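Following the hints, position chain B against chain A.
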Amino acid sequence: MAASEMIGFEAAFETAQKRFNGDRPSWWHDARRRAFDDFRQRGLPTRRDEEWKYTNVRQLGDVSYRLPESATPTSNLDAYAAYRDDADLELIFIDGVFDAAQSRLADLPAGVWAGSVEQALPGHGDVIQQFLSAWDGADAFAYLNGAFLETGAFIDVDPNTVVPVMIHVLHVITDAGKASMTSPRTFVRVGRSSEVRILESFVSHSGEACFINQISDMDVAENAHLEHCMVQAQGLEATHIGTTRVRQAAHSHVATFACALGAKLARHNLRVELNGEGTHTNLDGLYATKDGQHVDNHTSIDHRHPNSTSNQLYKGVLNGKSRAVFNGKIFVRDIAQKTNAYQLNRNLMLGPECKVDTKPQLEIFADDVKCTHGAAIGQLDDEEIFYLESRGISREHAVRLLSHGFARDVFERVQDEGIRARLEQHLAEYFGDALA
Amino acid sequence: MPSTIDIDSKLAEEYRYGFVSDIESETIPRGLNEDIVRMISAKKDEPEWMLEYRLKAFRFWKEQPEPTWANVSYPPIDYENLYYYSAPKKNTDGPKSLNDVDAELLATFDRLGVPLGERERLAGVAVDAVFDSVSVATTHQEELEKCGVIFCSFSEAVKNHPELVKKYFGSVVPYTDNFYTALNSAVFSDGSFCFIPKGVHCPLELSTYFRINAAETGQFERTLIVAEDSSYVSYLEGCTAPMRDENQLHAAVVELVAFDDAEIKYSTVQNWYAGDANGKGGIYNFVTKRGKCQGRNSKISWTQVEAGAAITWKYPSVLLLGDNSVGEFYSVALTNNMMQADTGTKMIHVGKNTSSTIISKGISCDQSHNSYRGLVRVLPGASGARNRSECDSMLVGNQCSANTFPYLEVENNTAVIEHEATTSRISAEQMFYLESRGLDKEGAVSLLVNGFCKEVFKKLPLEFSVEAVKLLEMKLEGSVG
Numbered sequence: 294m295a296a297s298e299m300i301g302f303e304a305a306f307e308t309a310q311k312r313f314n315g316d317r318p319s320w321w322h323d324a325r326r327r328a329f330d331d332f333r334q335r336g337l338p339t340r341r342d343e344e345w346k347y348t349n350v351r352q353l354g355d356v357s358y359r360l361p362e363s364a365t366p367t368s369n370l371d372a373y374a375a376y377r378d379d380a381d382l383e384l385i386f387i388d389g390v391f392d393a394a395q396s397r398l399a400d401l402p403a404g405v406w407a408g409s410v411e412q413a414l415p416g417h418g419d420v421i422q423q424f425l426s427a428w429d430g431a432d433a434f435a436y437l438n439g440a441f442l443e444t445g446a447f448i449d450v451d452p453n454t455v456v457p458v459m460i461h462v463l464h465v466i467t468d469a470g471k472a473s474m475t476s477p478r479t480f481v482r483v484g485r486s487s488e489v490r491i492l493e494s495f496v497s498h499s500g501e502a503c504f505i506n507q508i509s510d511m512d513v514a515e516n517a518h519l520e521h522c523m524v525q526a527q528g529l530e531a532t533h534i535g536t537t538r539v540r541q542a543a544h545s546h547v548a549t550f551a552c553a554l555g556a557k558l559a560r561h562n563l564r565v566e567l568n569g570e571g572t573h574t575n576l577d578g579l580y581a582t583k584d585g586q587h588v589d590n591h592t593s594i595d596h597r598h599p600n601s602t603s604n605q606l607y608k609g610v611l612n613g614k615s616r617a618v619f620n621g622k623i624f625v626r627d628i629a630q631k632t633n634a635y636q637l638n639r640n641l642m643l644g645p646e647c648k649v650d651t652k653p654q655l656e657i658f659a660d661d662v663k664c665t666h667g668a669a670i671g672q673l674d675d676e677e678i679f680y681l682e683s684r685g686i687s688r689e690h691a692v693r694l695l696s697h698g699f700a701r702d703v704f705e706r707v708q709d710e711g712i713r714a715r716l717e718q719h720l721a722e723y724f725g726d727a728l729a
Numbered sequence: 006m007p008s009t010i011d012i013d014s015k016l017a018e019e020y021r022y023g024f025v026s027d028i029e030s031e032t033i034p035r036g037l038n039e040d041i042v043r044m045i046s047a048k049k050d051e052p053e054w055m056l057e058y059r060l061k062a063f064r065f066w067k068e069q070p071e072p073t074w075a076n077v078s079y080p081p082i083d084y085e086n087l088y089y090y091s092a093p094k095k096n097t098d099g100p101k102s103l104n105d106v107d108a109e110l111l112a113t114f115d116r117l118g119v120p121l122g123e124r125e126r127l128a129g130v131a132v133d134a135v136f137d138s139v140s141v142a143t144t145h146q147e148e149l150e151k152c153g154v155i156f157c158s159f160s161e162a163v164k165n166h167p168e169l170v171k172k173y174f175g176s177v178v179p180y181t182d183n184f185y186t187a188l189n190s191a192v193f194s195d196g197s198f199c200f201i202p203k204g205v206h207c208p209l210e211l212s213t214y215f216r217i218n219a220a221e222t223g224q225f226e227r228t229l230i231v232a233e234d235s236s237y238v239s240y241l242e243g244c245t246a247p248m249r250d251e252n253q254l255h256a257a258v259v260e261l262v263a264f265d266d267a268e269i270k271y272s273t274v275q276n277w278y279a280g281d282a283n284g285k286g287g288i289y290n291f292v293t294k295r296g297k298c299q300g301r302n303s304k305i306s307w308t309q310v311e312a313g314a315a316i317t318w319k320y321p322s323v324l325l326l327g328d329n330s331v332g333e334f335y336s337v338a339l340t341n342n343m344m345q346a347d348t349g350t351k352m353i354h355v356g357k358n359t360s361s362t363i364i365s366k367g368i369s370c371d372q373s374h375n376s377y378r379g380l381v382r383v384l385p386g387a388s389g390a391r392n393r394s395e396c397d398s399m400l401v402g403n404q405c406s407a408n409t410f411p412y413l414e415v416e417n418n419t420a421v422i423e424h425e426a427t428t429s430r431i432s433a434e435q436m437f438y439l440e441s442r443g444l445d446k447e448g449a450v451s452l453l454v455n456g457f458c459k460e461v462f463k464k465l466p467l468e469f470s471v472e473a474v475k476l477l478e479m480k481l482e483g484s485v486g
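So the sequences go chain by chain: A and B.
If you read the first sequence in the numbering used here, its first letter stands for residue 294, the second for the next number, and so on.
If you read the second sequence in the numbering used here, its first letter stands for residue 6, the second for the next number, and so on.
The following block holds chain A by itself, in its conformation from the complex (with noise of 0.2 Å):
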């Protein structure tokens, strides 16, 4: 492993800057030098910022980085391999870097384009930019994802094309990620009339502090289909801001699922565009706490054409002294009539000092709409604890199996069973037992 240096934000830019002298187009280094210059200017959110009014990550300044290393780190994955399945499209990257050896990109089918950013620069250059520039920043973690981008995926699907597999972009941090920060970035193109399926998994058995500072960007096209489903789970040690942007053309439709089960600090952002009327929208999501972590999921969605419906739910449950925050926007523009628009979060709370922050938000414009939204903070039914009980059931046990129940019915809504079957693995092994 060769040495990288530990510096703050500022030293590791210059670096990353050198890095990839003549290797990268120059608009390629402008855009980074951009995204750093707004970075600086706009500095790392505090708690007075209303959207950053549960989360402190003033910590994340203090901290001297290492970047991903140039090479690809060597590694073992059997140790995931639960996740994994043969008949997956996968990317794997290891610790911010693309391991081509292990990815899984030999058959792609036919109209499918998947493969490592610097895989795609050389010919799909120009879709990249025009990400980089039409889904600029807005916040600062986006920006400082935008200075330190150096890989990530890029999937392109051509219009008319159903995918017939699931493209898999599995991320690895394992135990020589200590203290590095990786800035990967996912870019998703769905053409007219195509349907596709995205799990993108950040894992690590890592107990090793670390910052991933991620995001997904997807534009899907008129009347194409895209189910994208993120889990994290990162170790316990970990940060994970994850930022996930969706731009939908007319009478498209997208099912979000977001799944939040490690990292000591995790924050996602979910941001919904819908440029085009008659589109369907799912948003729904799953976190579940323990001891020392704080997760955080900030929702939005904005409805800016007529006879567009959001469904959204999440789901939380919460142990020992840990902390959820939630925040879910619903927008309905003044054009936007006939908008139909429903968003739930519930929360169990199981640990004697957790905690729980939920601010669901309506902002409506328009007047023929129907709108609602609801949250839930409650714990266990006694009765229902008390029927497991009498049958032989610990109470440890119960406990442990209906909150397992209550979590994973959110799992209802997966269309896609190889998405819910990795989502269900997941939550076996967070809850330490199956529901058979």
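Keep in mind that the hints were calculated from the coordinates and are not lab data.
Quantities reported herein were computed from a predicted structural model and do not represent experimental measurements.
Fair warning: there could be bad hints in the mix.
[Claimed, not checked] In the DSS-like style, the derived pairs of lysine-lysine whose C-alpha atoms are separated by at most 30 Å in a straight line are:
1. K351(B) <-> K622(A)
2. K351(B) <-> K614(A)
3. K171(B) <-> K49(B)
4. K446(B) <-> K631(A)
5. K357(B) <-> K663(A)
6. K459(B) <-> K622(A)
7. K357(B) <-> K583(A)
8. K61(B) <-> K49(B)
9. K203(B) <-> K164(B)
10. K67(B) <-> K346(A)
11. K357(B) <-> K614(A)
12. K351(B) <-> K459(B)
[Claimed, not checked] Reference excerpt, derived from the structure (chain A facing chain B, CB under 8 Å, subset only):
13. D627
14. L643
15. F658
16. V662
17. G671
The beta-carbon is built from N, C-alpha and C at its ideal position, and this holds for glycine as well.
Here is chain B on its own, set in the frame of chain A:
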């Protein structure tokens, strides 16, 4: 739906409280500085400790930035260019009885429909009327005194019951609370003071009527209600102001304290002038209202009908300190024309087995903005806390907005918290159904709106309930079609 209503004529009659009374008043110079604060205090003949409090608040206020987080926008307020005190000129040392009150003033209250004159009063309502900055008359004093209830203007309370005022004033809303409470604490003019002694069920509904009459004045009322153990009081307030082109400022502070087993029911019908259809003029209503459930099993209930003011910034709150205490918030907020309302509540659960209920109904018409902003906080020690919140919005027209910003912050794992919000509109089917049965358009809308708000209206005392329904009907005229 085509409208056959002559909107212009409706608009002209829309705000029937928009008259100005020609009453001689004495004001002090424009502006805000320590001398003005001293002058207000001197005018009111206040003791030294009150002046000190005002000055402390003023010095704090000067350091404070104006809050900008609310979902409202307005041009900057020039605090230096307002009159901070205006009082109807007194004939002698002040009205000794109703007969001494300026006849013009009585006529004004007559027009407003305030049951001030004995002849016209609705039985069982004791009224304290506050005109601009001073309290002009308090009725039913004797009857209240018999059972030990103190109900008088705040200035009188400072003179006659300084020990009570000293004990509770600022104990729920300290001057440091926010920008507007600091301003109010420095220049507050008058308001009501109620004290319900132990075990007394107040025999009358207490009522205060606020009116801003003089131009370019701010009204800074201050109300304090204390309910001792096992007592009960129902308090009502109403407010109006003349139609003027400039914006006027109203920054009130209301404090409630309820001890063991006591209950305070506080109802408001707010109908400050809201400006014309183009958003010109109207009252800026920046109000801090907070109740403290100090004792076990105490209960504080806020009911409000917010139908006026160009801008409303108001969050009546309850601190649930006593075990088993109960907080309630029932609200109807109607905005039309260019009005902006950012209103809601805060329920802070501190004691054990505390419960709170929030029912909020927002109706937005024309180009108005209506936001619900609420906080439910359960502190770590507040085991067994229970909250239910329901926020429903109705939109009339597609240039208005309805927003919901609920904050739920829970730190105890025995809490059960539920929040629900919906947004809808009056459907064409509902209208058709009612119209086909012979109701005219406005009758139909008014019926539907009343149904929408029923849960809140039934919490209001009877006379207020009738007034509130009329008020909404009047406001909705011309907005529907």
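Is it true that the CA of K351(B) sits at most 30 Å from the CA of K614(A)? holds (26 Å)
Given the proposed pairing of K459(B) with K622(A), does the C-alpha separation stay at or below 30 Å? holds (29 Å)
30 Å Cα cutoff - pair K446(B), K631(A): Holds, because 23 Å separates the two Cα atoms, which is no more than 30 Å.
For a C-alpha distance cap of 30 Å, please report whether K171(B) and K49(B) respect it. Within the cut-off at roughly 16 Å; holds.
The hint names V662(A) as touching chain B; please verify it with the least Cβ-Cβ distance against 8 Å. holds (6 Å)
Are the Cα atoms of K67(B) and K346(A) separated by 30 Å or less? Cα-Cα ~26 Å, so holds.
Is the straight-line distance between the alpha-carbon of K357(B) and that of K614(A) 30 Å or less? At roughly 21 Å apart (the allowed maximum being 30 Å), K614(A) and K357(B) satisfy the hint.
Is the hinted pair K351(B) and K459(B) satisfied, with a Cα-Cα distance of at most 30 Å? Within the cut-off at roughly 22 Å; holds.
K357(B) paired with K583(A) [C-alpha distance capped at 30 Å]: Status holds; Cα separation ~26 Å.
For the pair we were handed, K351(B) and K622(A), check the Cα-Cα distance against 30 Å. Given that 30 Å is the threshold and the Cα spacing comes to 20 Å, the pair holds.
With a cut-off of 8 Å on the beta carbons, see whether F658(A) makes it to chain B. Hint holds; F658(A) Cβ to chain B Cβ min 5 Å, cut 8 Å.
Do the numbers back the hint for G671(A), that is, is its least Cβ distance to chain B under 8 Å? holds (5 Å)
Against the hints set out earlier in the document, a violation occurs for number 5 only.
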